[in-house]
Structures are given as C-alpha cells and as structure tokens.
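Novice: Residue-level listing of the chains:
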Amino acid sequence: MEWANQLCENRQFGSKMTDSKYFTTTKKGEIFELKAELNSDKKEKKKEAVKKVIASMTVGKDVSALFPDVVNCMQTDNLELKKLVYLYLMNYAKSQPDMAIMAVNTFVKDCEDANPLIRALAVRTMGCIRVDKITEYLCEPLRKCLKDEDPYVRKTAAVCVAKLHDINAQLVEDQGFLDTLKDLISDSNPMVVANAVAALSEIAESHPNSNLLDLNPQSINKLLTALNECTEWGQIFILDCLANYTPRDDRESQSICERVTPRLSHANSAVVLSAVKVLMKFMEMLPKDLDYYSTLLKKLAPPLVTLLSAEPELQYVALRNINLIVQKRPEILKHEMKVFFVKYNDPIYVKLEKLDIMIRLASQANIAQVLAELKEYATEVDVDFVRKAVRAIGRCAIKVEQSAERCVSTLLDLIQTKVNYVVQEAIVVIKDIFRKYPNKYESVIATLCENLDSLDEPEARAAMIWIVGEYAERIDNADELLESFLEGFHDESTQVQLQLLTAIVKLFLKKPTETQELVQQVLSLATQDSDNPDLRDRGYIYWRLLSTDPVAAKEVVLAEKPLISEETDLIEPTLLEELICHIGTLASVYHKPPSAFVEGSRGVMHKRLPARTGSGESTESPDVGTAAGGSAPEAAPSIIPSQGDLLGDLLNLDMAPPTTSGPPPPTTGMQMGGMDLLGGGLDSLVGISHSVDPYLGGDIGGSPAMGAGFGAAPAVMPASLNAPVGGGLGDLFDLGGVGMPMGAYIPPKIVWLPAMKAKGLEISGTFARRAGVIQMELILTNKAMSVMTDFAIQFNRNSFGLAPAGPLQVLTPLGPNQTIEVSLPLSTVGPVMKMDPLNNLQVAVKNNIDVFYFSCQYPISMLFVEDGKMERQVFLATWKDIPNDNESQFQIKDCHLNSDAASSKLQGSNIFTIAKRTVEGQDMLYMSIKLSNGIWVLAELRVQAGNPNYTISLKCRAPEVSQCVFQCYEAVLKN
Amino acid sequence: MIGGLFIYNHKGEVLISRVYRDDIGRNAVDAFRVNVIHARQQVRSPVTNIARTSFFHVKRSNIWLAAVTKQNVNAAMVFEFLYKMCDVMASYFGKISEENIKNNFVLIYELLDEILDFGYPQNSETGSLKTFITQQGIKGQHQTKEEQSQITSQVTGQIGWRREGIKYRRNELFLDVLESVNLLMSPQGQVLSAHVSGRVVMKSYLSGMPECKFGMNDKIIIDKAGKGGVTNEAGKSDLGGGGSTSGKQSIAIDDCTFNQCVRLSKFDSERSISFIPPDGEYELMRYRTTKDIILPFRVIPLVREVGRTKLEVKVVIKSNFKPSLLAQKIEVRIPTPLNTSGVQVICMKGKAKYKASENAIVWKIKRMAGMKESQISAEIELLPTNDKKKWARPPISMNFEVPFAPSGLKVRYLKVFESKLNYSDHDVIKWVRYIGRSGIYETRC
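So the protein sequences, as listed, match chains A and B.
For the first sequence, the residue numbers in UniProt numbering are 1 to 975.
For the second sequence, the residue numbers in UniProt numbering are 1 to 445.
Any given hint could turn out to be false.
[As the list claims (entries may be wrong)] Chain A stretches covered by chain B per the calculated footprint, using a threshold of three residues with CB under 8 Å from any CB of chain B: (1) 70-84; (2) 505-517.
[What the hints assert, rightly or not] As a list, the in silico SDA-like pairs of lysine to any residue whose alpha-carbon atoms are at most 20 Å apart: (3) K291/B - K147/A; (4) K109/A - F417/B; (5) K61/A - S324/B; (6) K266/B - K94/A; (7) K343/A - T134/B; (8) K338/A - A252/B; (9) K133/A - D22/B; (10) K298/A - P330/A; (11) K299/A - S153/B; (12) K291/B - K94/A; (13) K11/B - Q369/A; (14) K219/B - T295/A; (15) K353/B - K366/B; (16) K561/A - P262/A; (17) K130/B - R170/B; (18) K145/B - E149/A; (19) K334/A - S193/B; (20) K147/A - Q188/B; (21) K338/A - Q188/B; (22) K314/B - G208/B; (23) K147/A - E99/B; (24) K334/A - L107/B; (25) K94/A - V19/B; (26) K51/A - E99/B; (27) K222/A - K11/B; (28) K343/A - K11/B; (29) K418/A - A194/B; (30) K338/A - S186/B; (31) K130/B - S153/B; (32) K266/B - E149/A; (33) K144/A - K314/B; (34) K51/A - S153/B; (35) K167/B - S186/B; (36) K375/A - S193/B; (37) K375/A - D22/B; (38) K334/A - K11/B; (39) K61/A - V19/B.
No lab work stands behind these hints: they were computed from the structure.
The structure displayed is predicted, hence computed values, not measured ones.
The beta-carbon is built from N, C-alpha and C at its ideal position, and this holds for glycine as well.
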C-alpha cells in the first residue's frame with residue numbers, strides 16, 4: 001500500500017488546489033455568481049463553477065435554477081467537465097423535463113463518437129435520465145450500442161436496457177430490446193454476458209410468469225463457461241441467476257454442482273455465498289445415498305467457516321445465513337462449534353448471532369464446552385448479550401437432557417449474582433426448564449422465591465407467577481406470594497394479569513380450603529374491573545368451570561401439559577425453504593421473505609426448493625422437522641410457543657351446543673354481573689358439559705394429554721345435577737348430592753402413565769373392591785405407531801403387601817390407537833414395606849418395547865374387609881383401650897347427607913355403623929373398619945342437622961393410617 | 001440492486017451522494033443520518049431497515065459509507081462492494097478522511113459512475129481503472145484508437161487485472177507469508193480454540209504476461225505428488241528458510257480462498273495454483289488452519305483476590321520455538337478492575353506499566369528468544385465499592401511478532417513462465433519472508 005500512498009501524495013502535490021474549497025461557499029447571491037461563472041469564456045473558470053454546483057448539489061442545496069447554464073457547458077471536449085455536467089443532468093432532468101431535451105442532441109452525437117469510452121458514457125447517462133421525451137430518442141442510439149464492436153459499450157448498453165425497462169417497459173418490449181439482450185448471453189466477452197444476465201434477471205423479476213431468462217441446458221452451459229472468466233461481480237450475477245434454474249434430473253444437478261464448487265475458494269465472500277446458495281438448492285435433488293452427496297456436504301463446511309474471518313459486516317451476513325443453513329442441514333457444521341465462540345472484541349451484532357448458532361449446534365458431545373462459554377458470556381457488559389447468554393443456558397438444558405442439571409446449577413449461580421436483569425432472565429428460562437422436565441428441579445423454587453421482589457419485567461413476573469401456581473402445593477406461602485401480586489393487579493401488563501388469574505385458580509384447585517377469598521377476588525378483578533376482553537373471557541370461563549364442576553375444572557386447569565419442544569424459535573419449514581433460495585440476499589439477513597420488505601411487484605414471487613427426482617428414494621420429502629430435530633417421528637411433541645401460557649390456548653375450547661341440549665344461555669346475564677350469570681346458566685351449563693364431555697376430549701385441540709384427562713371426567717359428573725341453583729360463588733362449594741347409588745366407592749380413573757413418558761403406551765386406571773376381591777382396573781391405550789405385545793406387570797413392595805394375584809391378561813396384541821380394559825385381581829400377601837405416603841404403590845409395566853415405571857395411590861378403602869363389623873362390647877373396650885394420643889380428629893366439610901344416608905353409603909365401602917346416638921340434635925355414629933392386614937380402626941362421626949360440616953374422630957393402634965382413612969371418608973361421602 | 005451510495009462525515013453531513021435508482025429519494029440521506037449516525041444507542045446491526053428502505057453501512061475511521069436499496073439485493077455483494085470502494089479510494093488518494101474525500105469529490109463521483117452502473121458493480125480493479133480514470137481529464141482525448149480499445153478490452157476482458165506491455169529491466173518478485181495466530185486458552189492451559197489465518201501477499205515486478213505456478217507444503221498436494229512418485233520441487237524449498245520448530249513435512253489447510261487471478265477450476269481439479277499475476281502488490285491467497293498449530297507463546301496467569309481491596313496477579317510467559325529465533329514487539333496486556341487505585345509491578349524482563357486510562361497493566365518486551373521464560377507479578381490495590389456486580393475478568397491478551405509461520409506453512413516453489421519474452425524462471429529474483437503475528441491471542445484468567 002505504501003507505493004499507493006506515495007503515488008497519491010505525488011498527485012496531490014502536483015495539483016495546485018484542492019477541491020474541498022467548493023464545500024465552503026455559503027454566501028448569499030451565490031446562485032447569481034455561479035450563473036456568471038458558468039457563462040464565462042474561460043474553460044477553467046467554467047469547470048470550477050460546475051464543480052461548485054455539484055458540491056452544492058451534494059450537500060442538498062437546490063441548484064436546479066442553473067439548469068440551462070450547466071447544460072450549456074455540455075458541449076465540451078473535456079471529459080471531466082462532461083462527466084460533471086452529466087451528473088448534474090441525471091439529478092435535475094426530471095424536474096426540468098423541457099429543458100432536458102436540449103441535451104438530447106449531445107447524447108445522440110456522443111453515441112457516435114470514435115472513442116468507445118465516450119460512447120459508453122453517453123448511453124450510460126441517457127438511461128439515467130428519466131424523462132419520457134428523452135427515452136424516445138434513446139432507442140436508436142441504444143440499438144446501435146447493443147451491437148457496438150467494442151465490448152465496453154455493449155456491456156454498458158446491456159445495463160441500459162434494464163434502465164429503460166424501469167422507465168417504460170412497454171417500449172422495451174416493442175422495440176425488441178429483450179431479444180437483443182438475450183442474444184448477448186452468447187456474447188464472446190464474459191463481462192457482457194454477466195451484465196446481460198443481470199439485466200435480464202432484473203427484468204424477469206417484474207414479469208414473474210414470462211419465460212424471459214429461458215434457462216435450458218444449453219444456456220446454462222454458456223453461463224457456466226462465462227463463470228470462469230468474468231469479474232467477481234459478474235460471477236455473482238451469474239450464480240444468482242443459476243440459482244433460479246431447476247435442473248431436469250439429479251444428473252444434471254450434479255454436473256452443475258461440480259462446476260460451481262470451485263467458486264467456494266473465491267476471495268469474494270459474496271461469490272462464495274451465492275455458490276453456497278446454488279449448491280444448497282441443487283443438492284435437494286441429489287439422492288442421499290450418492291457418494292457425491294456426502295462429498296458435497298463436506299465441501300460446504302470449510303468455506304462457511306472461512307467467511308467468519310472476513311470483516312465484521314460480512315461476518316454478520318454470513319452468520320445470518322449460517323443460521324438458516326444449520327436449520328436446514330445441521331450435519332454440515334455440527335463439528336465446527338468452536339469457530340462460533342464469541343471473541344471479546346467482536347461487534348455486538350456478531351456476538352448475538354454467534355450465540356444463536358451455538359445453541360443450534362449444541363449437542364451432547366459439545367455441551368460441556370458450550371456451557372463453559374455461556375457462563376463466561378453471562379458476565380459480560382452488554383445487557384442484551386448477557387440476557388441472550390442466560391437464555392441460551394436454558395435452551396441448552398431443554399435441548400440436551402444430560403446437561404439439564406448442570407444448566408440449572410449454572411443458572412442458580414447466576415441468580416446469586418443478584419444482577420437484576422440476569423436474575424429475571426434466569427427465572428424466565430427456569431420456567432421453561434420446569435415445563436420440559438416437570439417434577440425434577442423443584443428444589444430450586446425456594447431460591448427463586450427469594451428474588452421475587454427484584455422482578456420488574458412483565459415476562460419475568462409472569463414466569464415466576466406461573467411457577468408459583470404450578471407448584472402451589474409445594475410452596476407453603478403460595479397464597480401470600482400470589483396475593484402480594486394481586487395488590488397492584490391493574491397496573492400489571494396483560495401477560496402478568498392472565499398468568500396471575502390462572503395461577504390463583506390453580507392454587508385454589510390445589511388448596512381449596514384456604515384460598516376461596518383469593519380466587520373470588522381475582523375472578524372479580526378479571527371479570528368486573530378489567531377492560532381487557534381476553535382477561536375477562538378467561539375469567540368467566542374459569543368462573544363457570546369452577547361453579548359447574550370443580551372436578552372437571554381440575555381436569556382442565558391442572559391437566560398434564562405437553563412437554564415443550566427441544567428446539568425453540570425454529571423458522572417455519574416453508575419459510576426456511578424460501579429463505580434458503582435467497583441465501584446471501586437481504587431476505588436471508590432479515591429472515592423474512594422479500595415480499596415483507598420489498599414494495600411493488602418485485603420479489604413477490606415465492607421461491608421454492610426443487611423436489612427430489614431421484615428414484616430409489618421412498619416418500620421422503622425434504623423434511624425439515626426430522627432433519628433439525630433428529631428425533632423419532634412418534635416422539636415429536638407439538639411445538640408450542642415458549643412464551644405465554646398453555647392454558648391460554650386450551651381455554652379457547654369450543655363450547656358448541658351439543659345435539660342433546662339447548663345452546664348456552666345468552667349473554668343477557670352479562671349486564672347483571674357475574675353472580676347472575678352463574679346462577680342462571682348453571683343448570684344448562686351442567687347439562688351441556690355433561691353431554692359434551694366425550695367429544696370435548698377430542699375437540700379440545702392440540703393436546704393429547706388434555707384429551708385423556710377429559711375422557712375420565714364422566715365418572716364424576718352426575719353429582720352436581722341437583723345442586724341448588726342461584727347462589728353465586730357460595731355455591732361453588734355446594735356440590736354434594738343426595739340419593740347416591742349404593743355400593744363401594746370407586747375413584748374415577750386417572751392417567752397414571754402418560755403416553756409421552758412411555759413411548760406411546762398410556763395407562764390410566766383405578767382400584768376397586770368387588771365382591772371382596774381387590775381389583776386394579778386398567779385401561780391401556782396404544783398411542784404409538786407400532787403394535788404392542790407381551791404385557792406384564794409387577795409391583796414394588798408396599799405398605800399392605802399388595803401384589804398381582806395373576807398375570808396381566810392382555811391376550812391380543814394392542815394395535816396403534818387401540819384401547820383395552822383389563823382387570824387385575826390383587827392379593828394382599830405380597831412383601832411388605834412401609835411407603836410414604838402410606839398408600840403409595842410403585843408399578844412396573846413391561847411390553848415388547850420397554851419397561852415403564854409409575855407410581856399411583858390407592859384408596860385405602862379397598863382394603864376394608866367385609867367382616868369389619870365389631871361387636872358393640874368389643875368396640876367399647878377397644879375404644880377405651882387405645883390411648884388418647886392415637887386419636888385424631890378431622891372435619892369433613894360441605895356434606896349434605898343426613899346421618900342415615902351417610903351410614904348406608906359408608907357401609908357400601910365396608911365401613912360399618914355399630915351404634916347411633918342422638919344428643920341435642922347431633923347424631924353420633926360409631927363405626928368400625930378392619931383392614932386386610934387385621935388392623936382395626938374405630939370411628940366416631942358427628943352429624944348435626946343443618947350443618948354441612950361433619951366431625952370425625954378416629955382411633956387406631958396404628959395411627960399412621962388415620963389420615964388415609966379420613967380421606968376415604970371424605971371421598972366416599974362426597975361421591 | 002444498490003439504489004444509492006452516500007458518504008458522511010462523523011457529524012452526519014453528506015460528503016458524497018450518488019443516487020442510481022428512482023426509488024431512492026433525497027429523504028433517504030436524512031433517514032440514515034437521523035436513525036443511525038445520530039442514534040443514541042450503539043449500532044446494533046450493519047444493516048438497518050428504515051421505512052422499507054435498507055441501509056448497509058461500513059465505517060472507516062470516522063467516515064460513514066452507506067449503500068441504500070429498496071430491493072432484495074445480494075447483501076454480501078453490497079458489503080464486498082463497499083470494502084472494494086474503500087480500497088479503490090485509498091489507492092487513489094490514500095487515507096479515507098473527510099479532508100481527502102472533500103479534496104477528491106469530483107474523482108469519487110467519476111469512480112462511482114464507472115464502478116457502479118444502475119447499482120450493478122462493474123470492474124473495480126484499480127490496475128485497470130487507473131488506465132482511464134486519471135482526473136487529468138484530457139487524457140481521453142489524446143489517446144490513439146489502439147490505446148482506447150486496449151483500455152476497453154482490458155476493463156471488460158478476461159484478465160481485467162493486468163495490462164499488456166509491462167516491462168521491467170529486473171524481473172523480481174517478493175512473497176510474504178503473513179500469518180495471524182489466534183488463541184483462546186482457559187486459565188488451566190486448555191486450548192479452547194486456536195486457528196491461524198494466513199495470507200500470501202505477493203509483489204511482482206515481472207515483464208509481459210507471465211504465467212505463474214505456486215506450490216506449498218499443503219498435505220493434499222504432497223500426498224498426491226507422493227503417490228505419483230514425483231518430488232521434483234523438493235530442491236527449491238530452501239527458498240523459504242522458515243523457522244518452524246517441528247520437522248513436519250506438510251500441513252493440513254482447512255480452507256483457502258484465492259485472488260480472482262487464480263484459476264479456481266484448475267485448483268479444484270488438480271489442486272495446483274496457477275495464475276497470471278496483477279502488477280505490483282496484491283493478496284494471492286488466504287488460508288486457515290486449525291491443526292498442529294505452533295503456539296509461539298504460552299501465558300500462565302495466576303490471579304488471587306486478597307480480601308476486597310487487593311488483587312495479586314502473577315503472569316508467566318513461555319516462548320515455544322527454536323532458541324535461535326527471536327520474537328519481537330512482545331506485549332502482554334493484563335486487565336485491571338475499574339476501581340483500581342494503585343498498582344505495583346515487578347518484572348524480570350522488559351518494561352511494565354499500569355495504564356489507568358486503559359484499565360490494564362501493559363508489559364512490553366522488545367525481544368525474546370525461543371524456549372525462554374519470563375515473569376511479571378503485580379499487586380493491585382482496589383478502592384472499596386458498593387457495586388454489586390462482579391469484575392468480569394477480561395482475558396489477558398498478547399501481541400508479538402515471530403519470524404516463522406505458526407501454521408508450519410512453507411513455500412515450496414513459485415515458477416514463472418513467460419513464453420513470449422526471453423527471460424526464464426531462473427532469471428527471476430525471488431524473495432520469501434515469513435511473519436507470524438498474534439491475532440486475538442487470549443488467555444482467560
């Protein structure tokens with residue numbers, strides 16, 4: 001470079017004055033002075049004046065008033081002066097069309113000049129003068145120049161056709177310039193070819209359906225030959241044009257690829273990226289088992305990596321494109337993780353893009369390195385970058401299961417830094433980790449709760465509220481935490497409000513006794529005091545659900561959620577395909593189709609990758625899902641957005657009227673407020689939900705787990721039909737029924753093993769005691785694609801020695817989507833080990849695919865034996881004999897049975913009433929129960945007429961069972 | 001394609017404004033100034049979309065160059081063009097500064113007219129541009145017809161980078177192998193990433209249209225030659241005299257790119273590098289290696305926090321190359337926390353200074369031979385702060401220059417053939433030099 005500097009110094013030394021002075025003229029009357037100078041006789045002075053005019057033009061001053069004077073200088077031998085006048089003309093011709101005509105003669109004359117440089121200059125400039133009258137005069141000179149003997153003139157004329165087309169497309173067609181342009185593709189000079197290709201491509205873009213470029217194997221061959229010879233820019237035009245071609249078969253595709261690959265070694269990054277585009281597109285057509293296919297894949301990686309040593313702006317373009325390529329073909333760069341590590345002094349835009357790609361490339365093999373890097377990044381200065389790094393740690397946890405634990409502990413470390421935005425970001429990603437691995441990392445909740453006060457961003461607040469709601473049963477002061485948020489309910493963003501509503505409803509369903517007031521408060525805030533329709537609607541839906549059927553509400557709100565997918569923010573496959581066709585261009589930088597940012601007809605045409613033509617390939621289409629995820633098809637969970645709440649979607653459920661009952665109540669209740677709405681609508685709502693249920697399960701949209709949850713609902717439905725109507729919220733808890741069917745209480749079937757955790761096998765079930773035999777009633781559903789056979793079952797040791805009394809009777813193989821109901825008789829003579837909780841049972845189910853484990857809880861009532869009625873005397877003696885320490889007292893709330901009904905109901909479950917006493921309007925029932933292992937439980941039940949709350953005292957030599965027995969009382973009495 | 005090109009000074013005043021397309025109006029000039037140059041925030045992307053208009057910008061010292069478009073242009077091409085534009089301007093008038101641009105604005109307009117037509121980049125090789133854009137203006141008029149057609153055929157021709165009829169009394173060429181070695185090392189001395197990005201820069205003063213062939217110890221070429229039993233070029237390798245310590249014969253090049261003069265299809269099929277060189281200085285190729293890199297220096301950091309107000313830093317550097325070679329311009333930069341109040345340094349060799357304005361201790365050593373070791377220790381006093389945020393501990397970085405190629409690359413031959421003129425390969429005087437410099441050479445502490 002030194003010699004260049006020297007040369008330049010010499011040159012400056014040589015010229016007497018510099019041009020910068022032209023920028024400094026700002027005095028008044030300037031235009032007038034310039035006018036005089038322009039009309040001067042001295043050539044030097046004229047030139048100086050024109051320079052001043054151009055300088056003024058540059059800084060944005062209006063010098064159009066000088067038009068005639070400047071145009072007068074056009075007739076000159078001085079090329080420099082001529083160029084300056086042309087520059088002026090291009091700028092102002094449009095505003096002075098009549099006077100611009102004056103220039104035409106000079107142009108026409110110049111087009112005949114002996115010097116090719118002047119001819120070219122004339123035709124180049126004429127094309128830039130957008131005045132209709134001038135374009136007419138342009139046609140003849142242009143026609144000549146297109147056939148000029150000098151290639152420099154021809155290549156300039158080729159571009160001029162595109163210019164003219166932009167001004168007057170019809171004229172270009174009428175004059176037959178398009179055909180001449182097409183002929184230039186066969187020109188002997190490579191630069192003429194390149195410019196002709198560029199011009200034709202541009203014209204073709206505005207005529208999407210014309211076959212202007214008419215690419216066929218012959219013309220492609222010509223282009224490929226020119227590719228080797230023309231300038232770097234010409235190579236880009238040709239490669240971009242090639243990318244629009246669709247080869248006829250895989251063989252042609254391969255031969256083009258072979259001739260394009262040498263371009264990957266070009267020093268110009270744009271040539272490389274355009275070559276990558278052609279290869280990525282044509283590769284689509286190659287059969288995957290071809291040797292050449294894998295060779296090509298290998299050849300693509302090094303040039304892409306080399307792009308990262310270019311200047312930062314180009315790195316940015318390259319990284320945006322690599323982001324697409326990695327999504328389309330992750331195999332290309334899977335071993336190149338290290339080159340995407342962020343350098344300390346990379347510009348921020350490079351850092352952010354690198355981070356994105358690091359996450360996409362993260363895998364079990366490199367996760368340790370990636371995490372170490374991300375941890376470093378999280379301590380950097382730039383807030384956006386740090387946030388993204390923290391988020392990336394969370395995404396690694398979700399993507400690579402083996403790393404989840406390490407990621408969580410890294411996030412906890414980061415939370416300890418107490419840097420506000422780091423903490424908030426960490427909480428948002430931990431929420432996602434919880435959704436991916438439920439019931440695994442809940443131990444960190446306490447740490448999260450400590451940071452509650454520092455959260456000031458809606459997303460972080462919403463995430464934290466979600467966590468509190470989701471794990472309400474494990475957070476002692478969940479109600480207090482949520483209540484604290486509720487105080488400023490109306491100042492929160494919608495996101496937080498919705499989340500708070502859902503979380504409190506969850507909390508209520510989990511801890512109904514303590515949180516009535518809270519739920520009432522939030523429902524009224526959401527429905528009555530809010531203007532937000534989403535919030536209001538969700539509030540009403542919860543309200544109705546809760547008032548009609550809390551059990552169903554539980555099924556809906558607390559249903560198991562589908563796991564979030566591994567890859568977040570993947571580009572949607574059809575868009576990805578389109579963007580791959582636009583590699584190197586702005587579309588690939590914005591990750592948007594051209595139609596999103598280009599006006600007019602250009603770019604509206606959507607590009608597509610070609611379909612594979614090779615034989616031998618089965619139905620495999622370019623499947624991005626499998627390519628990117630790399631997982632088995634049956635495991636693919638539906639992708640749900642990582643933000644927002646799942647329930648938001650689920651609650652869009654369609655309450656369409658079923659055939660059996662009328663439509664839901666009209667919205668007249670709305671004006672009267674929530675109370676009336678509930679009251680008036682309750683009856684029909686219950687009716688609807690009852691009959692709708694079976695098909696709600698299928699209709700709920702997008703969530704298999706939810707469907708299953710609904711399927712179990714009917715068993716618990718009928719109770720509420722006779723509930724008194726019209727009490728508003730008070731009635732929520734008023735759902736006890738009368739006139740219950742007799743017999744042992746059988747809890748509804750619930751899903752014990754969701755299909756997602758068991759490779760497609762779903763097990764739901766319950767326990768029953770029928771005719772003195774304990775039975776485990778199972779429903780096995782095959783939700784996988786393959787047939788399941790060879791079922792077997794085994795129990796872990798448990799508190800009461802439960803064990804299968806026979807083999808699991810699944811005789812026929814279970815086909816996909818088939819369901820089978822099985823009853824498994826149980827004995828109580830198995831090995832005994834005390835479990836916590838007492839009635840916990842760990843089960844292993846085996847089939848031809850794998851062994852799966854789950855645990856469930858059985859109602860202890862099924863262990864109550866038939867000969868559990870104690871003699872009165874023995875009862876009395878035993879009652880006295882058992883120490884008072886062993887007595888425990890419970891409340892059963894909201895039970896509307898009278899003592900007789902209760903007694904007969906309990907008897908159905910082998911809880912025997914031995915005596916009844918009435919004292920001061922209070923019925924005292926004395927009962928006995930015998931468990932299968934011989935333990936006796938004695939009970940005293942106090943029922944007061946008109947008081948729905950019962951009091952029960954239990955006495956037993958093994959007091960640990962009391963809690964379970966109480967639960968049975970509650971379950972039996974309330975169903 | 002590119003719709004317009006603007007050049008601004010640091011204040012956002014327009015120095016050059018050239019519009020190529022009708023869809024770009026004068027307001028675009030202001031939009032960029034207001035939204036990018038005057039934006040309060042740091043620039044977050046080199047591509048900005050304002051009101052459906054896309055702006056690509058690069059900065060050279062305090063000059064902004066912006067290309068503007070409303071179409072879906074080839075973004076990589078636009079940036080390559082902007083860089084090229086900078087190169088062309090620099091080769092015409094030197095440093096790109098406000099003053100130089102103002103002084104040469106007529107020339108710049110002339111260049112912009114020539115190298116960008118309707119927004120399509122045209123031949124932008126300075127070698128050929130200088131034959132007809134001279135700013136003397138008059139030259140065009142006094143050329144003979146032959147001269148004119150020679151210019152046009154060169155500008156549009158296959159070999160756009162070299163003109164015919166070059167003559168030198170002494171045919172001479174200089175080859176520089178310039179490498180920058182990049183390293184990121186963990187505090188425990190584990191190499192997190194390391195690569196060499198190298199350039200072969202050539203200055204050729206050769207007569208006529210010589211055909212050149214360049215050979216190096218690339219593994220693939222040598223393996224190929226080995227199979228064929230041809231080792232004809234071995235004798236020339238003394239030409240290099242490089243100083244890599246290991247005796248390895250060939251290196252694995254991850255990837256390389258070439259100047260447009262190199263015949264790429266020939267490289268692809270035969271892996272031979274043949275070309276007709278431009279005249280004067282140019283970059284023949286770039287390459288990248290990641291395997292078997294000789295790391296010239298190893299940095300061993302030890303940072304100890306003594307209480308809240310004191311840090312103890314000890315850094316050892318070890319040179320890892322032939323004892324007969326000398327590294328130069330060695331500089332170790334040890335970052336210090338922002339709340340540093342005082343620093344005491346002791347070093348065995350060279351000079352070390354705490355530079356408060358740069359928040360670093362800078363340790364400079366003029367020369368250091370191979371297989372040596374040196375050490376610095378520093379005590380850093382800190383002001384107590386209530387800033388909760390921990391010090392980020394930026395990595396310790398290093399600069400140096402060594403007289404060998406850390407990648408192990410060696411030039412095996414560069415042959416010159418010129419059939420029309422009567423000089424042969426033996427008459428050409430050839431010089432080869434190897435320089436290894438530190439790129440980003442960092443060790444975390």
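Novice: Work down the list of hints and note, for each, if the structure agrees.
Specialist: Taking the hints in turn, this is what the structure says about them:
Check result for the segment 70-84 of chain A against chain B: holds, 7 residues qualifying (beta carbon to beta carbon below 8 Å, three or more required). A stretch counts as covered by a chain when three or more of its residues have a beta carbon under 8 Å from one of that chain; for the segment 505-517 of chain A and chain B the count is 0, and the coverage is violated. Only pairs whose Cα atoms come within 20 Å are accepted, and K291/B paired with K147/A is rejected, the gap being roughly 55 Å. Note on K109/A and F417/B: the hinted pairing is violated, with a Cα-Cα distance of about 46 Å set against a maximum of 20 Å.
Straight-line distance between C-alpha atoms of K61/A and S324/B comes to about 66 Å, which puts the hinted pair past the 20 Å bound. Proposed proximity of K266/B and K94/A is contradicted: the alpha carbons are some 50 Å apart, above 20 Å. Restraint check for K343/A and T134/B: the C-alpha separation of about 42 Å exceeds 20 Å, so the hint is violated. Annotation: proposed proximity of K338/A to A252/B holds, straight-line Cα distance about 18 Å (limit 20 Å).
With a CA separation close to 17 Å, the supplied pair K133/A and D22/B stays within the 20 Å bound. A hinted pair counts as satisfied when its Cα atoms are at most 20 Å apart, and K298/A with P330/A qualifies at roughly 12 Å. At most 20 Å may separate the alpha-carbon atoms for a hinted pair to count; K299/A and S153/B exceed this at roughly 35 Å. Taken as a hint, the K291/B and K94/A pair is broken in the structure, with Cα atoms around 61 Å apart against an allowance of 20 Å.
Under the criterion of a C-alpha separation no larger than 20 Å, the hint pairing K11/B with Q369/A is inconsistent with the structure, at around 44 Å. Of the supplied pair hints, the one linking K219/B and T295/A holds, its CA atoms being roughly 18 Å apart against a limit of 20 Å. Distance hint between K353/B and K366/B is fulfilled; the C-alpha atoms sit about 14 Å from each other, no more than 20 Å. Annotation: proposed proximity of K561/A to P262/A is violated, straight-line Cα distance about 51 Å (limit 20 Å).
Distance hint between K130/B and R170/B is unfulfilled; the C-alpha atoms sit about 24 Å from each other, more than 20 Å. Straight-line distance between C-alpha atoms of K145/B and E149/A comes to about 13 Å, which keeps the hinted pair within the 20 Å bound. For the hint linking K334/A to S193/B, the alpha-carbon distance of about 16 Å falls within 20 Å, and the restraint holds. A hinted pair counts as satisfied when its Cα atoms are at most 20 Å apart, and K147/A with Q188/B does not qualify at roughly 70 Å.
Between K338/A and Q188/B the alpha-carbon distance is near 18 Å, which keeps this suggested pair within the 20 Å criterion. With a C-alpha separation of about 59 Å, the suggested pair K314/B and G208/B falls outside the 20 Å cut-off, and the hint is violated. As the CA atoms of K147/A and E99/B are separated by approximately 43 Å, the hinted pair breaks the 20 Å bound. Taken as a hint, the K334/A and L107/B pair is broken in the structure, with Cα atoms around 48 Å apart against an allowance of 20 Å.
Simply put, K94/A and V19/B have alpha-carbon atoms about 13 Å apart, close enough for the 20 Å limit, and the pair holds. Under the criterion of a C-alpha separation no larger than 20 Å, the hint pairing K51/A with E99/B is consistent with the structure, at around 16 Å. For the given pair, K222/A sits about 49 Å from K11/B by alpha-carbon distance, which is inconsistent with the 20 Å threshold. A hinted pair counts as satisfied when its Cα atoms are at most 20 Å apart, and K343/A with K11/B does not qualify at roughly 30 Å.
About 34 Å separates the Cα atoms of K418/A and A194/B, which puts this hinted pair outside 20 Å; it is violated. Note on K338/A and S186/B: the hinted pairing holds, with a Cα-Cα distance of about 13 Å set against a maximum of 20 Å. This hinted pair checks out: K130/B and S153/B have alpha carbons roughly 14 Å apart, not beyond 20 Å. Proposed proximity of K266/B and E149/A is contradicted: the alpha carbons are some 32 Å apart, above 20 Å.
Between the alpha carbons of K144/A and K314/B the distance comes to roughly 77 Å, so the proposed pair goes past 20 Å and is violated. Of the pairs offered as hints, the one joining K51/A and S153/B is violated, with about 31 Å between alpha carbons and a cut-off of 20 Å exceeded. At roughly 54 Å between alpha-carbon atoms, K167/B and S186/B are farther apart than 20 Å, so this suggested pair is violated. Between K375/A and S193/B the alpha-carbon distance is near 16 Å, which keeps this suggested pair within the 20 Å criterion.
Annotation: proposed proximity of K375/A to D22/B is violated, straight-line Cα distance about 50 Å (limit 20 Å). With a CA separation close to 45 Å, the supplied pair K334/A and K11/B exceeds the 20 Å bound. For the proposed pair K61/A and V19/B, the alpha carbon gap of about 15 Å is at most 20 Å, so the pair holds.
In the structure shown, a violation is registered for the earlier hints numbered 2, 3, 4, 5, 6, 7, 11, 12, 13, 16, 17, 20, 22, 23, 24, 27, 28, 29, 32, 33, 34, 35, 37 and 38, in ascending order.
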